[in-house]
Amino acid sequence: MMTGAMVLTRDFDREDLFRIETYLERGGYAALRKALAGLSPAQVLAEVKSASLRGRGGAGFPAGLKWSFVPQADDGPKYLCVNADEGEPGTFKDRYILAHDPHLLIEGIALTCYAVGIRTAYVYIRGEYEHIARRFEAAVEEARARGFLGESVLGSKFGLDVFVHRGAGAYICGEETALLESLEGKRGHPRLKPPFPAVVGLFGRPTVINNVETLANVPSIILNGAAWFVEHGKPKDGGTRIFGVSGPVNRPGIFELPVGASLRELIFTHAAGMRTGKTLKAVIPGGLSAPVLKADEIDILLSTDGVAAAGSMIGSGGVIVIDEATPMISVLAKMTKFYSHESCGQCTPCRVGTAWMHKIVRRIAAGEGRLGDLDELIRLSENIKGRTLCPLGDAAALPILGIVRKFRAELERGMR
Amino acid sequence: MSGEFPAGLIEGVRGLAARYPAPQAALLPVLHLVQNERGHLSTDDERRVAALLGLPPMKVHEVVTFYSMFRRAPVGRYHLQVCTNVSCSLAGAEALAARLEARLGIRMGETTPDGKFTLTGVECLGACETAPCLMVNFDYHGGLDEDKLEALLGGLA
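Line by line, the protein sequences are chains A and B.
Heads up: the first sequence begins at 2 in the numbering used here, then just goes up one per residue.
Heads up: the second sequence begins at 0 in the numbering used here, then just goes up one per residue.
Worth flagging that the hints you see were computed from the coordinates, not collected in a lab.
It is possible that some hints are incorrect.
[What the hints assert, rightly or not] Listed next, the in silico DSSO-like pairs over lysine-lysine satisfying Cα-Cα at most 30 Å (straight line):
id	chain 1	residue 1	chain 2	residue 2
1	A	K338	B	K147
2	B	K58	A	K279
3	A	K235	A	K50
4	A	K194	B	K58
5	A	K50	B	K58
6	A	K187	B	K147
7	B	K147	A	K279
One chain only, chain A, in its complex shape:
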């Protein structure tokens, strides 16, 4: 069930939405027709740039700006990698787009590739979404059969191939350079940046990497214009966002809201508030890696800058609601177990630090915490933060620091 502003999710309750006939009936592929009939690639890129479309995967980087880093003078192969790895705990919005509206994503892919001069796109879908990957592959075939993909898209000089590539259960592959390594058939070990993927990416070639929801916004930007898109959100952060709410609320699910909506409203209006007998204790606002907010810190705006101002991040839009009856040590224990399991092992601070933290947290959870353990967790987090190749180090350190600092008194109870 969904409420709120509906642009991307407008027709999600239609069972047959994933079929190309339904997509066409709703005006699908009109943006691609419009672009190929009368817009230059540079014009498409400029429109997306002025729409202030920020990445929906976690980092919030402006998509048009990212595309503009691809060297245009280079006429060798360039690639688009669609990040459909969706491994951030608490996040499930891309699953809905992939399963319900695959052609919206395909149209977004085609427009992006047209704008940047790309002829091959790989959609990296998390391995567990096996059925969804198959359905998406079928949608790619439908699009090819109708001339929206292939050698000559809609009879133009623009050609595009799209391939589905399944991951195999490694959170780290949601990090863009680990995703590239994984796509090349290797372990998901992030690369040192620079060079950035826009210059040296997949197979050593210029590569754009965007999240599913980010690309799904492109058709409506091209069809309705940048001004329309900005109006739905904020001047530097346009459009709507799909939030996934989980935890003990009355109506867990996805909700599409304008960028800048209130977090309180998301939880208490759209997700229909706490279940009977449950009191709000804390909220993780943007996937597990986003530092926790206390119950009295949720009067904030859901934009990249709004959540950052509250000391957390909007991340992937996965909102995890925690109730009073849940001990924060159990949340912390899941967190440290997750990051120590998912650390790729490449950088010592992350590999050793996350495992060390998990050992300490397990001891506290078993009722054998020692005074000094929390300071040790802070020290370890501070030593991981900023000292790793990729953002997984920070993604582990910051939420752990958040819980330890904000719930110190609770965690210290019973310690000697």
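Got chain A sorted already, so can you dock chain B onto it with the hints?
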């Protein structure tokens, strides 16, 4: 290592390799394909994949051991993978896991003696709105209270 892959499987591997400018890039899709056909990835099958893609066997082995979905041992007919992350825990994932262990008489990571069920604890499956959830092979099941779990297990012949 004795024998080759069946012809159909070799054809499948070659088809996947053709999607990429470098054959190694097909490794994950190829390993999924082989695992689906063979049930798990044996050392011999790793070598067969390596030979088909023109890779040193160690390149295949290091990938198989890095990714949690690749299995080096057989699993039961139904592979039950229970999410143990935060959203599912908030909805009783620990009780669900304990119930499954008791009901099947095995611990996490084990297979029933009749080879019917394997139970594994996994990280977030991306279905948090249906917490607590689990995967049976590739099928997602959510909202698993005691009754729903019984109905689910009862339906697995």
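Hint check results:
1. Between K338/A and K147/B the CA atoms are separated by roughly 28 Å; this keeps the pair inside 30 Å, and the hint holds.
2. For the given pair, K58/B sits about 51 Å from K279/A by alpha-carbon distance, which is inconsistent with the 30 Å threshold.
3. Between K235/A and K50/A the alpha-carbon distance is near 14 Å, which keeps this suggested pair within the 30 Å criterion.
4. Distance restraint check for K194/A and K58/B: the Cα-Cα separation of roughly 24 Å lies within the 30 Å cut-off, and the hinted pair is therefore satisfied.
5. With a C-alpha separation of about 41 Å, the suggested pairing of K50/A with K58/B is violated against the 30 Å cut-off.
6. For the given pair, K187/A sits about 40 Å from K147/B by alpha-carbon distance, which is inconsistent with the 30 Å threshold.
7. Distance check on the hinted pair: K147/B and K279/A sit about 23 Å apart at the alpha-carbon level, within 30 Å; holds.
Comparing the model with each numbered hint stated earlier shows that hints 2, 5 and 6 do not hold.
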